[in-house]
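Engineer: Chain residues, written in single-letter form:
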Amino acid sequence: MSEAAQIDTPVLAVESLSIALPKGGDRELAVENVSFAIKRNEVVCLVGESGSGKSMIAHAVLSLLPRGVGIVAGAVTVAEENPAQLDGRGLRRLRGGKAAMIFQEPLSSLNPLKRVGKQIEEMILAHQQPVPSAAEVQARVQTLLTQVGLPNPQLLERSFPFELSGGQRQRVMIAMAMANRPALLIADEPTTALDVTTQRQILRLIGDLRRERGMGVLLITHDFGVVADVAHRVVVLRHGKVVEQGPASEVLRHPKAAYTRELIDAVPKARLADIHGTIARPEPLLEVVGLQKTFRVKRGWLQPAREVVAADGVSLTLHECETLAVVGESGSGKSTLGRMIMRLTEPDAGAIRFGGADLRQLRGEALRQARRQLQIVFQDPFASLDPRQKVGDAIARGPMAYGMSRTDAMALAKRLLVRVGLSETTADRYPHEFSGGQRQRICIARALALKPRVLIADEAVSALDVSVQAQVLALLAELRQEMRLAMIFITHDLRIAAEIADRVIVLQKGRIVEEGSTAEVFTAPRQAYTRDLLDAIPGRAFFDQPGFAAGNASEFDDRVQRDALKM
Amino acid sequence: MDTVRAFLRHPSGMIGLVLLLVIVIVAIIAPKLFPVSPWEMVGAPFTPPGEDGLWLGGDTLGRDVAAGVAHGARVSLLIGIASALAAMAIGVVIGAMSGYFGGKVDLVLMRMTELFQTIPAFVLAILLVATFNPSLLTIILTIGAVSWPPLARLTRAEFLRLRHREFVEAALCQGERTWRIVLGHILPNAISPILVVTSLTVATAILLESALSFMGLGDPNLMSWGFMIGAGRTVIRNAWWMSVFPGLAILITVLAINLFGEGLSDVLNPRVLRRRS
Chain A
11 MSEAAQIDTP VLAVESLSIA LPKGGDRELA VENVSFAIKR NEVVCLVGES
61 GSGKSMIAHA VLSLLPRGVG IVAGAVTVAE ENPAQLDGRG LRRLRGGKAA
111 MIFQEPLSSL NPLKRVGKQI EEMILAHQQP VPSAAEVQAR VQTLLTQVGL
161 PNPQLLERSF PFELSGGQRQ RVMIAMAMAN RPALLIADEP TTALDVTTQR
211 QILRLIGDLR RERGMGVLLI THDFGVVADV AHRVVVLRHG KVVEQGPASE
261 VLRHPKAAYT RELIDAVPKA RLADIHGTIA RPEPLLEVVG LQKTFRVKRG
311 WLQPAREVVA ADGVSLTLHE CETLAVVGES GSGKSTLGRM IMRLTEPDAG
361 AIRFGGADLR QLRGEALRQA RRQLQIVFQD PFASLDPRQK VGDAIARGPM
411 AYGMSRTDAM ALAKRLLVRV GLSETTADRY PHEFSGGQRQ RICIARALAL
461 KPRVLIADEA VSALDVSVQA QVLALLAELR QEMRLAMIFI THDLRIAAEI
511 ADRVIVLQKG RIVEEGSTAE VFTAPRQAYT RDLLDAIPGR AFFDQPGFAA
561 GNASEFDDRV QRDALKM
Chain B
11 MDTVRAFLRH PSGMIGLVLL LVIVIVAIIA PKLFPVSPWE MVGAPFTPPG
61 EDGLWLGGDT LGRDVAAGVA HGARVSLLIG IASALAAMAI GVVIGAMSGY
111 FGGKVDLVLM RMTELFQTIP AFVLAILLVA TFNPSLLTII LTIGAVSWPP
161 LARLTRAEFL RLRHREFVEA ALCQGERTWR IVLGHILPNA ISPILVVTSL
211 TVATAILLES ALSFMGLGDP NLMSWGFMIG AGRTVIRNAW WMSVFPGLAI
261 LITVLAINLF GEGLSDVLNP RVLRRRS
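Quick mapping for you: the protein sequence lines, in order, are chains A and B. In this note's numbering, each residue's number is its place in the first sequence (first place is 1) plus 10. In this note's numbering, each residue's number is its place in the second sequence (first place is 1) plus 10.
Be aware that a few hints might be false.
[As the list claims (entries may be wrong)] Distance ranges between label pairs, derived from CB positions:
hint, chain 1, residue 1, chain 2, residue 2, range
1, A, THR417, B, PRO230, 55 to 61 Å
2, B, ARG247, A, ARG398, 53 to 59 Å
3, A, GLN302, B, THR13, 29 to 35 Å
4, B, LEU170, A, ARG363, 54 to 60 Å
5, A, GLU443, B, LEU261, 42 to 48 Å
6, B, ARG19, A, ALA359, 56 to 62 Å
7, B, PRO198, A, GLN302, 34 to 40 Å
8, A, SER60, B, LEU146, 56 to 62 Å
9, A, ARG221, B, PRO198, 54 to 60 Å
[Claimed, not checked] In silico negatives: residues of chain B with every beta carbon more than 12 Å from chain A:
hint, residue
10, LEU18
11, MET24
12, PHE44
13, VAL46
14, SER47
15, MET51
16, ALA76
17, ASP116
18, LEU125
19, THR128
20, THR141
21, LEU147
22, VAL178
23, ALA180
24, THR188
25, HIS195
FYI, nobody ran anything at the bench for these hints, they're computed from the structure. Heads up, the beta-carbon is just placed ideally off N, CA and C, and yes, glycines get one too.
Could you put the whole structure together from the sequences, leaning on the hints where they help?
Structural biologist: Here is the structure:
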């Protein structure tokens with residue numbers, strides 16, 4: 011085949027693809043009449059909220075659809091082959107050969123009992139004919155590990171997946187995917203489980219490898235920030251149908267569909283102008299002084315216990331009606347801080363002053379009484395509701411525990427359900443009947459039933475779709491005004507922190523590295539670490555955020571142009 | 011309910027359930043089927059099966075083996091179920107305290123559990139029954155007292171798993187009292203595997219009871235399968251039916267309970283039911 015023809019042929023062509031769900035699903039077709047193509051050296055982003063069918067398309071490309079789900083119309087062509095018509099052997103050749111895939115959760119995609127070098131070797135041995143010599147395979151594994159930017163390949167090759175960090179695991183997954191020089195890389199939410207800084211590194215790595223090898227990339231994401239950073243073309247999906255597709259700059263700048271507009275608008279942005287300056291009040295509501303916490307992980311008999319410092323002299327104050335954001339990467343101790351304030355995790359030292367008493371000294375009934383005024387909303391709305399308890403009961407239990415009669419408590423629960431945007435009748439239903447966003451509303455209603463003065467939101471919107479995220483944030487902002495709540499908002503997403511908080515605390519390895527008003531921290535960060543975090547915000551160049559340090563729209567246009575020239 | 015419907019579609023579970031129902035019905039109507047006491051001599055000694063109107067033959071004293079098997083079903087099921095419930099009561103309380111409170115409570119309770127686990131259950135059961143006089147109540151309590159450790163360990167594991175779940179912590183933050191958190195949130199979510207193991211404990215309890223009766227340590231006033239096998243074992247070479255029929259009864263009952271328990275386990279196991287995401 012001539013060089014020119016090869017460039018013209020798309021590496022992936024999806025033509026009027028329809029995928030049927032098994033009977034009794036929430037809709038008949040998971041994917042309906044979807045068409046798009048990916049050329050060499052092109053990144054196409056499939057964007058949509060959960061349930062939009064974006065993963066289904068990716069799985070159809072490698073013929074990995076779950077049992078009972080099948081293609082009913084249309085076709086997929088990967089590197090001139092139709093996976094639906096291939097036999098087992100042909101499919102094995104295709105998967106990991108011409109088309110490779112990486113997944114959201116790198117830990118569960120790697121075999122926990124095998125050293126990572128062996129797992130990469132396996133990829134090479136399964137595909138290369140004739141089988142290369144052991145020394146050659148070894149050399150290629152080393153090269154791959156170096157190419158994906160892993161330090162010390164010799165040592166790393168002999169590591170087990172659990173010994174690596176999330177970012178390193180995802181790099182290993184990418185090395186495996188790259189092993190046979192695929193023409194197409196499918197990345198299914200590859201950075202959703204990672205920190206912002208790691209996310210940026212991984213996206214860069216994928217971009218570099220694409221440019222080097224000229225492969226096509228199908229990137230599935232729910233984050234328009236990521237789209238703005240890496241995509242050439244965008245396909246927006248909703249309920250299995252294409253809402254809009256086109257060049258990234260076009261779709262992002264001038265979205266034609268109202269739904270695309272909504273999704274782009276829902277990306278949290280700093281609205282620093284709206285935020286009222288904190289008036290210095292003499293009496294803080296909550297005062298945390300010098301909290302100290304070290305976790306000791308035992309590692310067998312002879313090895314010393316591994317120590318993880320989760321809090322190293324953390325102090326903060328919180329005033330009435332104020333929102334304090336606590337940001338940091340995973341492992342920075344931000345969740346532990348929230349849990350220590352709630353007395354769910356016992357600090358090693360320090361004091362938590364609230365309502366004239368040190369919470370750390372309280373026991374039993376006194377603690378129970380104090381807890382009433384401090385409430386928490388957890389990250390995972392699926393884990394934080396008892397699957398066997400009706401929603402109304404879940405909310406009413408709290409007031410009942412403090413002596414309210416059942417009828418009054420149920421009436422209150424119903425009022426709160428209406429307040430958070432659900433109907434009264436939902437009180438008699440079980441949690442599994444609700445979506446993630448609805449469940450999080452229920453959790454908020456449950457926390458508010460006790461009329462707390464302090465609400466701790468521990469990554470309360472991180473598990474939600476971006477449009478739902480915006481709704482829940484708006485609800486929290488309203489409730490804060492209404493109930494004069496003080497909030498501690500724990501999040502890894504700086505965009506959310508900028509949107510909701512008056513003040514920000516940046517945590518790194520259990521230590522406060524920077525503290526100040528949101529405007530100060532975001533426009534004039536004093537610490538390099540804060541600047542790194544800010545730089546790593548996806549789509550920063552595009553979502554020209556008011557007040558953000560050195561983010562501007564021209565950077566986005568530069569990138570688009572640069573990429574266009576290279577193609 | 012979904013669970014019931016799923017069970018009805020589980021083939022081996024249903025076989026177990028049907029067998030179990032037949033045994034329960036036989037146990038219930040035994041006095042109607044065999045109005046004469048199973049201890050009564052109704053035929054010549056060593057009557058082979060089918061003769062003199064004795065379908066399953068007569069024993070060394072001419073007692074009806076069929077009547078013994080039917081009446082024995084009452085005893086076996088009663089002791090099996092009652093002692094499994096006793097074991098569950100002990101096991102769940104100890105396991106729940108151990109798992110919920112942790113620390114020193116856990117340490118003490120688990121060492122105690124291990125103590126029980128190191129002594130062979132049957133030897134301990136013999137010792138206990140021989141110390142107290144064998145009666146229905148002491149046998150039930152004895153079997154309960156030697157069968158609880160696996161249930162305690164299971165309950166503890168489930169409690170440890172659920173103890174730090176977010177919905178339990180949310181209940182704690184809501185100010186709910188300890189007993190309400192344990193009974194209202196943790197136990198209901200832990201109950202499925204506990205029920206499965208309890209149902210399987212019924213089977214081992216029936217075997218234990220039979221073994222005790224075989225040794226002559228059963229309640230002397232009750233006709234039981236183990237006693238019948240024990241009494242017939244010396245003459246098994248010329249009168250096989252005296253031991254074989256009660257033996258088959260034990261085999262079928264234990265098999266039925268195991269099939270039922272495994273079916274229950276499959277149905278209650280979320281991985282089989284496939285949680286809706």
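Engineer: Take the hints in turn and mark each one as holding or not.
Structural biologist: Okay, the hints, checked on the actual structure:
1. A:THR417 - B:PRO230: 55 to 61 Å: holds (58 Å)
2. B:ARG247 - A:ARG398: 53 to 59 Å: Check passed, 57 Å falls within 53 to 59 Å.
3. A:GLN302 - B:THR13: 29 to 35 Å: violated (48 Å)
4. B:LEU170 - A:ARG363: 54 to 60 Å: violated (33 Å)
5. A:GLU443 - B:LEU261: 42 to 48 Å: Cβ of A:GLU443 to Cβ of B:LEU261: about 45 Å, so the range 42 to 48 Å holds.
6. B:ARG19 - A:ALA359: 56 to 62 Å: For A:ALA359 against B:ARG19, whose Cβ atoms are near 58 Å apart, the range 56 to 62 Å holds.
7. B:PRO198 - A:GLN302: 34 to 40 Å: holds (37 Å)
8. A:SER60 - B:LEU146: 56 to 62 Å: holds (59 Å)
9. A:ARG221 - B:PRO198: 54 to 60 Å: holds (55 Å)
10. LEU18: holds (18 Å)
11. MET24: holds (24 Å)
12. PHE44: holds (45 Å)
13. VAL46: holds (50 Å)
14. SER47: Correct as stated: the minimum Cβ-Cβ distance to chain A is 48 Å, above 12 Å.
15. MET51: holds (56 Å)
16. ALA76: holds (46 Å)
17. ASP116: holds (16 Å)
18. LEU125: holds (25 Å)
19. THR128: The assertion about B:THR128 holds, with a minimum of 23 Å to chain A.
20. THR141: Its Cβ never comes within 12 Å of chain A, the nearest being 42 Å, so this holds.
21. LEU147: holds (35 Å)
22. VAL178: Nearest chain A Cβ is 8 Å from B:VAL178, so the label is violated.
23. ALA180: B:ALA180 not clear of chain A: closest Cβ-Cβ about 5 Å, inside 12 Å.
24. THR188: B:THR188 is in fact no farther than 12 Å from some Cβ atom of chain A, at 10 Å.
25. HIS195: violated (5 Å)
In this structure, the earlier hints numbered 3, 4, 22, 23, 24, 25 are contradicted, and the remaining ones agree with it.
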